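One-letter residues, chain by chain:
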Amino acid sequence: MNISMTLTVNGVKRTIDLDDPRLTLLDLLRERLHLTGTKKGCDRGQCGACTVLLEGRRINSCLALAISHDGADVLTIEGVAQGASLHPVQEAFVVHDGLQCGFCTPGQIMSAIGLIQEGQAGDDPERVRDGMSGNLCRCGAYQGITAAVLEAQKALGATTREEAA
Amino acid sequence: MKTFDYVRPATIREAVAAASDPGAAYLAAGTNLLDLMKGGITGPSRLVDINRIPGLDHIEDLSDGGVRIGALVRNADLACDRTFARRFPAVAEALLSGASAQLRNAATVGGNLLQRTRCAYFYDVASACNKRAPGSGCDARGGDNRLHAIMGWSDSCIATHPSDFCVPLVALDAIVEIEGRAGRREIPLEMFHRLPGDAPQRESVLEPGEMIVAVRLPAEAARFAGHARYLKIRERTSYAFAVVSAAAALRVEGETITQARLALGGVAMKPWRAREAEAILAGAPADGALFHRAAEAALADAKPSGDNGFKIELARRIVVRALTLAAAGTPVRLPALPASPFAAVSGAVIHA
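For the protein sequence lines, the chains are A and B, in the order given.
Take the first sequence: its position 79, counted from the start at 1, is 121 in this note's numbering, and no numbers get skipped.
Take the second sequence: its position 258, counted from the start at 1, is 296 in this note's numbering, and no numbers get skipped.
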């Protein structure tokens, strides 16, 4: 069964001929579009390494069936920098050592971008930690990650919403 | 993963027809289903993708004061809907204490009700499991079962239902709207999940092809808004399933509780409504001694299913704590760690 689908990935419309409905969004990005910045960690929704923004919202791409998202807009780590200039979240991860081995970092950064856009955490480190708890870092760079998210949020001038979530 | 046919119906009627054949399963976000399919725990021959059916993703205020939540509303959208969270704060707190932000952005209301147990023996296809392979036995009995059921379990299954969301919903008399070949019907959420008995493979009252289209909360549920909390013990403070949880909702006049709602999570294969405890609480002065008596009543029928007797005492203490927090009043803003017993609650409370 061949199914044709489209995705707008990092602003570019792509047409994909699917020969297998079992393909996840993660495998489509990595194996078909060769965008290997998005990482496959657990492949079961437990580690967050595969986080991308789907229609502007962070999700686990390993638990999204590609065909179900025909026509959707996807942002991956490859699409966040502007040419040679890093995204403010990337910049902050570098400044605060928000990584060691780097495997979880694309997922951490996409999750942080999603979290800042959601606008629920404010400048409370505890809310940032809770909001980032879907991204595991086995090197344990959590302190740097939290500091980076808080600084990037400030740099982006994100509005904080104080009401109950 | 076993392969499958993929269909994308445009209407509920088409979806029900496509899902009525044996081997068919509904696909919403797939956050639980895809995981189960990858592990070979389930292998549907047809996926009926309901995501494009219009009208299932609305949060609708009803003229009678209730609210109707479409089956495709995403967990995060419901929890962050300001009007909803203000009227049903314990439901919002439960939602935000579940899963991760990524999963809450995808996972749906209907899928939450239908999620499968996290029993490790159900997930391990090399283990005997009456739920996954009826008649094969239950390796959880006599296995590593410290997180298993303490209420309503049977010799064939000691699994628990993992939902947080369902716990305050059942306390607040939520109704499930279902559509099938015979048309639409509705049932209280409290009656929706089935205890294992000798057929643990049947987890809900849904008949083949039937689909959850919405969940409703009655107007009366909003009257508890000033004193409603969800409390959840986890083995880590965020992104973990409940060991035991409780939703407590009170109406208080002066120092007296006029009406009480209480339900437990993580204790059985369904969210567990504690009506005897509610009867003890109603009309009594809100104090610690009363909350202890209510907790005793709520756990009166509890029985360890293995190495999990500690959950009974833990559940009693969670009930007391949840009632104490509810009596103190719903905070205006949810704590940074929703539902956590470690969360400091500071600032003003809602006076509803």
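In short, the hints are calculated from the structure, not lab data.
Because the structure is a prediction, the values reported are computed rather than measured.
For every residue, glycine included, the Cβ atom is placed at its ideal position computed from N, Cα and C.
A hint or two may mislead.
To be verified - Stretches of chain B that chain A covers, calculated by requiring three or more beta carbons in the stretch to come under 8 Å of a beta carbon on chain A: (1) 50 to 58; (2) 177 to 189.
Unchecked claim - In silico SDA-like pairs for lysine to any residue, Cα to Cα no more than 25 Å straight-line: (3) K76(B) / Q142(A); (4) K341(B) / L352(B); (5) K82(A) / Y161(B); (6) K82(A) / R72(A); (7) K40(B) / Q88(A); (8) K76(B) / H129(A); (9) K76(B) / G199(A); (10) K76(B) / H96(B).
### Message
Between the alpha carbons of K341(B) and L352(B), is the straight-line distance 25 Å or under?
### Response
Judged against 25 Å, a Cα distance of about 13 Å means the pair holds.
### Task
Tell me if chain A covers the stretch 50 to 58 of chain B under the three-residue, 8 Å CB rule, please?
violated (count 0)
### Message
Can you confirm whether the C-alpha distance between K76(B) and H96(B) stays at or below 25 Å?
### Response
Violated, at about 31 Å.
### Task
Could you grab the alpha-carbon distance between K76(B) and Q142(A) and see if it respects the 25 Å cut-off?
Given that 25 Å is the threshold and the Cα spacing comes to 30 Å, the pair is violated.
### Message
So if I understand the rule, the pair passes when the alpha-carbon distance is 25 Å or less; does K40(B) with Q88(A) pass?
### Response
The hint holds at about 22 Å.
### Task
For the pair supplied as a hint, K76(B) and H129(A), confirm whether the alpha-carbon distance does not exceed 25 Å.
Status violated; Cα separation ~34 Å.
### 25 Å Cα cutoff - pair K82(A), R72(A)
Judged against 25 Å, a Cα distance of about 9 Å means the pair holds.
### Query
Regarding the pair K76(B) and G199(A), is the alpha-carbon distance no greater than 25 Å?
Given that 25 Å is the threshold and the Cα spacing comes to 41 Å, the pair is violated.
### Message
Please check whether the stretch 177 to 189 of chain B has three or more residues whose CB lies within less than 8 Å of a CB on chain A.
### Response
This one is violated; 0 residues, fewer than the three required, reach chain A with a Cβ under 8 Å.
### Query
Has the given pair, K82(A) with Y161(B), been kept, meaning a C-alpha gap of at most 25 Å?
holds (21 Å)
In this structure, the earlier hints numbered 1, 2, 3, 8, 9, 10 are contradicted, and the remaining ones agree with it.
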